[in-house]
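Number of protein chains: 4
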Amino acid sequence: MKIGIVGAGMVGSSAGFALAIAGYANEIVFVDKNEALAVAQAEDISHAVPFMSATRVRAGGYADLAGAGIVVLSAGVGQRPGESRLELLGRNTAVIRSIVSEILAVVPDPILLVAANPVDIITHITASISGLPPHRVIGSGTILDTARFRSLLARHMEISPQSIPAFVIGEHGDSEVLAWSGAVAGSADLVSFAAQLGKPVTEEVRKAIDHDVRNAAYKIIEGKGATYYGIGAGIARIVRAITRDEGSVLSVSIQTAHVAGVDNVTLSLPRVVGARGVTADLLPDLDHEEFEALKRSARMLKDLSNSLGL
Amino acid sequence: MKIGIVGAGMVGSSAGFALAIAGYANEIVFVDKNEALAVAQAEDISHAVPFMSATRVRAGGYADLAGAGIVVLSAGVGQRPGESRLELLGRNTAVIRSIVSEILAVVPDPILLVAANPVDIITHITASISGLPPHRVIGSGTILDTARFRSLLARHMEISPQSIPAFVIGEHGDSEVLAWSGAVAGSADLVSFAAQLGKPVTEEVRKAIDHDVRNAAYKIIEGKGATYYGIGAGIARIVRAITRDEGSVLSVSIQTAHVAGVDNVTLSLPRVVGARGVTADLLPDLDHEEFEALKRSARMLKDLSNSLGL
Amino acid sequence: MKIGIVGAGMVGSSAGFALAIAGYANEIVFVDKNEALAVAQAEDISHAVPFMSATRVRAGGYADLAGAGIVVLSAGVGQRPGESRLELLGRNTAVIRSIVSEILAVVPDPILLVAANPVDIITHITASISGLPPHRVIGSGTILDTARFRSLLARHMEISPQSIPAFVIGEHGDSEVLAWSGAVAGSADLVSFAAQLGKPVTEEVRKAIDHDVRNAAYKIIEGKGATYYGIGAGIARIVRAITRDEGSVLSVSIQTAHVAGVDNVTLSLPRVVGARGVTADLLPDLDHEEFEALKRSARMLKDLSNSLGL
Amino acid sequence: MKIGIVGAGMVGSSAGFALAIAGYANEIVFVDKNEALAVAQAEDISHAVPFMSATRVRAGGYADLAGAGIVVLSAGVGQRPGESRLELLGRNTAVIRSIVSEILAVVPDPILLVAANPVDIITHITASISGLPPHRVIGSGTILDTARFRSLLARHMEISPQSIPAFVIGEHGDSEVLAWSGAVAGSADLVSFAAQLGKPVTEEVRKAIDHDVRNAAYKIIEGKGATYYGIGAGIARIVRAITRDEGSVLSVSIQTAHVAGVDNVTLSLPRVVGARGVTADLLPDLDHEEFEALKRSARMLKDLSNSLGL
Ligand SMILES: NC(=O)c1ccc[n+]([C@@H]2O[C@H](COP(=O)([O-])OP(=O)(O)OC[C@H]3O[C@@H](n4cnc5c(N)ncnc54)[C@H](O)[C@@H]3O)[C@@H](O)[C@H]2O)c1
Ligand SMILES: NC(=O)c1ccc[n+]([C@@H]2O[C@H](COP(=O)([O-])OP(=O)(O)OC[C@H]3O[C@@H](n4cnc5c(N)ncnc54)[C@H](O)[C@@H]3O)[C@@H](O)[C@H]2O)c1
Ligand SMILES: NC(=O)c1ccc[n+]([C@@H]2O[C@H](COP(=O)([O-])OP(=O)(O)OC[C@H]3O[C@@H](n4cnc5c(N)ncnc54)[C@H](O)[C@@H]3O)[C@@H](O)[C@H]2O)c1
Ligand SMILES: NC(=O)c1ccc[n+]([C@@H]2O[C@H](COP(=O)([O-])OP(=O)(O)OC[C@H]3O[C@@H](n4cnc5c(N)ncnc54)[C@H](O)[C@@H]3O)[C@@H](O)[C@H]2O)c1
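Protein chains in written order, with the UniProt record's numbering: chain A, 1 to 310; chain B, 1 to 310; chain C, 1 to 310; chain D, 1 to 310.
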């Protein structure tokens, strides 16, 4: 499948690099208002290709997106130190609006994969202005937070993160919810599982992991100015679920009719992702506290949408 | 890592083919008392290699196993139509005894991966006669039954089997236990998950899946005389967990000190598998009925061991 | 991409197993006149899937091929000990005729991938009766012989077969031609390359390799009754070139307008394979002897076609 | 295998990201004098892991390299716009000296993989000061230039770069030599191959490709400030050749006893790379002009070494 990537900054290029290494795309086209950057990224990644796959990588204009099955929206600006994800909003909304109409002029029925932050709001806007069915406008949402959650659990328990199907849901941001109570590995609930491994999830451990998942981005931004490898691989993972029509359960963000008592809100839940985009939504088993937290997260996003007149 | 495969029949060769395609082994050496067969399998698989990986594949004698990190025991005879797994026992025990001493003479500290049936008993014997620590003598156990369970659930729910971490435990055989009650996907318990997908796990569905998991081998044997691709890939999967030191949770069979009130019995549980072999065992969340079934399975295996004087 | 496999014997099932392990297909449908066999192969392979990819594997009738991008033709009968590839012809031609019309009724514009032997003749017939453009009817041809050639060279030189781009061309059979003189690795011609490695390609080595490439199938058949892993992986390799639109150079067989002075003959040359099938043919650098051998191979195939009234 | 990466800048982190995605390493440890950066890179990449492999990624001090099989040297500073590779030398030599002794104190017998520029000189120095056998101190050399060459040829001929085994040799820098005359694909020499494809390698095409290979880095640096994805994947490719003991032919730089009449000089040739490092060197077929160019490149590197008193 041909994949378009609009926004050839660190996130877009990391996604393209991951796609080329893993061989998930037949062709990648980068579009960026900074044309020299798009060309440089395409060249740099195309020099990785001879070692790995047969992916064709190049830079182009919107017209070169013709025939793409998926277009990734990674244009915008990274989070600055101290900046909240929602503060990024103003800077990114305008960018997305102009891009979406350019894409749709060339690719009438794409799956749009939104990575630009604040990803839930941008996904909401993208779905609305594109007129595409919501299940074809997929925000990366908490896919990254879920990866962080699993990565930390893996490190604590000294097992493979692939063996820990735990999820983070809600907003990709401060109000997100770690779905501890439904989390299970090896068909034992996570707490029992960890205890059996001799690595109990004490209240302290739990708090530390909760804190680290929420603050992972801030910590990375402090050290290197921005985050991009994790999300780049996350985008590649979603692309694989679509191009291989996997029906994989991934925590991604789409416009959702009802969740936790809130209507028409865009946030992340575990969802089934395949060739047609998202085909089903799942509500994890949540305890009272988690459910209330999800409600607050949904409410917050809804209020924000409302206040923006979306 | 160099991998030895003793028994170059359909199971051993399918495992070798899977290893070569996936690139999980640097070198594969087949040993079989039927030397011409070992040579033919090695040649056939080595013709697959130029398309896929740089694995070196050859046939040899026991001396050629020197330096192997893992030796797969797939010698023996396949299940005949109508034959129970336990009936195979007599035919396979003698074979294993002679093989193990040959291997240990050349590879002093291998991880042994037992596929020969009845796999739990053969694994028990292998651990005993080899004198290796039990966590380095790993039976493929219910890894295949677990795959069948996930495959059927995936088909029913129309999602990817990788998104369904459900397990089968106990004996690889008629008394095995499908651990339904701890099974969870997307952080929702399996039943709720399936219902949300509009594919409820009715009593009927459950019975059908239970029946099909238990009878998968019989059905395949009816159609093609033996089963080998599933178990071949299962062996390759265990090998990957070891060579990449993954710490993956896989349902495999090892000598276990206590399970469900039974001492020193060899059966499958979800276990953590990495470079050192099995590093931890897990008991899934089981309801009363499942626990009783596991007890019966353990009891049955124990009685059999006892009756064999093991 | 959805892949159909008509003929669920050892070759078809090995191809399906390789596809599922490598994750090159989204869906595989087996069709065989022996329905129980097709079901058994699909089940066995589907039990490999949970360890490897999200490929859906099932058995079906021709109607279930709807939507397939590629259909593999592996129906027929394997080579018996002592039987020449051409003697297989009578047994396989009739089978193919009936199958092709069934496929085209459901999939109007497939790429057909022919593995049935004698593969050059069967490919010729398939292209003719299907009315498809010749570049969409691809015989596996000498892809397997090329793999054998590289595998033997790799073993002799103790380097990776992926670093040896040598080719076998002409008939998949006794008259095939090892293109020694154009063979180059590391940008040095093969003979110089091997000498530099201290593994000279003496006349003796050359004869031994030539002999072993030509007799590989016979040797394997002696040891195990039939060959299937090599060709199964070869088919998977061609499928990858198509589904990923690679433009890879592979030695495959298609109806060719002119080669070595012979018109409209179906044999193998290195060809460029991508999403549209074969997009270009290449004539390797051949010395006089090799060119004459290719001519003889082409002539022989042409005479055979003529004698069959094709 | 455990891989150390000293220098967690863009090159080191791109290599680590590629390794984690492709699953070539069991464990990656980043060391950087900027500890916060090493931590940030390790965290960012570890969030990619749950989607891809079971690689453990973390930051540490030199002591944490204990047990590593390969240590990548990517510390130093990137090329600034307008800066020649050799001007980087002063800035990078001192860095390497201090690093090497720290590594050897912990890992007595590593394979060192040098990426720091000017890579040939730094590799020469590293081999000398480490006292390791030269075949275990491998500079990435022209592996990247070779990838660029293949990538441009692939684009021109519209075929897969994996099907074009052409090499760049000599210095990784302005004096490097494109080994056109020995280049062959599909067992036809490259020029004939391209002509057959209807994409002739005219003098103009040849000049353009030569120019673009030589100037690829400058062009990318202009657009994005530095190059890293190509070299990151190149490092991962060398790592794979070692960990899987492939015996792959790669153009890498090591101290070489004699080349083109120059003694003890460090530059790139196609070399066989496997578990023990480089096991053989190859001199491509070169025409007179190419051979003279290689001589000049070797002479230049030798003079530079001499002038530095190495
Ligand atoms: N979803 C997540 O989990 C996640 C994680 C990290 C970053 N992000 C977000 O991804 C986005 C990209 O981050 P980055 O680090 O790559 O930023 P970046 O600044 O490196 O790249 C952004 C690119 O977008 C381009 N761009 C801006 N306006 C454009 C327009 N109108 N048309 C085309 N291109 C345009 C810029 O030229 C720049 O190259 C940001 O919104 C960031 O917050 C999301
Ligand atoms: N664990 C599972 O899930 C599972 C699944 C399928 C089959 N199996 C078992 O795997 C084993 C192999 O099955 P198969 O289908 O490959 O059988 P097979 O008959 O095709 O192959 C068995 C091979 O073992 C060889 N052999 C016998 N005695 C030997 C000895 N003393 N030394 C060396 N080689 C010897 C035979 O020559 C033969 O090639 C059987 O025990 C079968 O029941 C296990
Ligand atoms: N191209 C190569 O390099 C290569 C290598 C090995 C084998 N082969 C050829 O591949 C073919 C298959 O070999 P195999 O070992 O799998 O044989 P096999 O006997 O195991 O399988 C052939 C299958 O075709 C089925 N079949 C027969 N007639 C059919 C029909 N009319 N419709 C549907 N299915 C039908 C049979 O039921 C059987 O399951 C043979 O022609 C063999 O010579 C080619
Ligand atoms: N071989 C090639 O083909 C190729 C291609 C591109 C870049 N490079 C070279 O790779 C090197 C790294 O480039 P980059 O873009 O990653 O630069 P960078 O500036 O992003 O990273 C260099 C890192 O090295 C660290 N470092 C410096 N001194 C150190 C010390 N004493 N100990 C530990 N860490 C130290 C710095 O803190 C920094 O994080 C440069 O020499 C560059 O020229 C080589």
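Where hints are given, some of them may not hold.
Any copy, or any two copies together, can satisfy a pair, since identical chains are not distinguished.
Calculated cross-link-like contacts (lysine to any residue; reagent style SDA-like; alpha-carbon spacing at most 25 Å) [claimed, not checked]:
1) 33 <-> 245
2) 219 <-> 279
3) 207 <-> 264
4) 199 <-> 245
5) 199 <-> 181
6) 199 <-> 283
7) 302 <-> 36
Quick caveat, the hints were computed from the structure, so don't treat them as lab data.
Right, here's what the structure says about each hint:
1. In the homo-oligomer, the alpha carbons of residue 33 and residue 245 never lie at most 25 Å apart, since the shortest distance is 32 Å inside one protomer and 29 Å across protomers.
2. Proximity of residue 219 and residue 279 under a CA criterion of 25 Å is satisfied in neither setting, with 35 Å inside one chain copy and 32 Å between copies.
3. In this assembly of identical chains, the alpha carbons of residue 207 and residue 264 never lie at most 25 Å apart, being 31 Å within a copy and 38 Å across copies at closest.
4. For a Cα distance limit of 25 Å, the shortest separation of residue 199 from residue 245 across copies, 19 Å, qualifies, whereas the shortest one inside one copy, 37 Å, does not.
5. Taking the shortest alpha-carbon separations for residue 199 and residue 181, both the intra-copy value of 17 Å and the inter-copy value of 23 Å come in at or below 25 Å.
6. Taking the shortest Cα distances, residue 199 and residue 283 sit within 25 Å of each other only across copies (15 Å), while inside one copy they are farther apart (28 Å).
7. In this assembly of identical chains, residue 302 and residue 36 lie within 25 Å of each other by CA distance neither inside one copy nor across copies; the values are 39 Å within and 37 Å between.
Of the numbered hints stated above, those contradicted by the structure are hints 1, 2, 3, 7, listed in ascending order.
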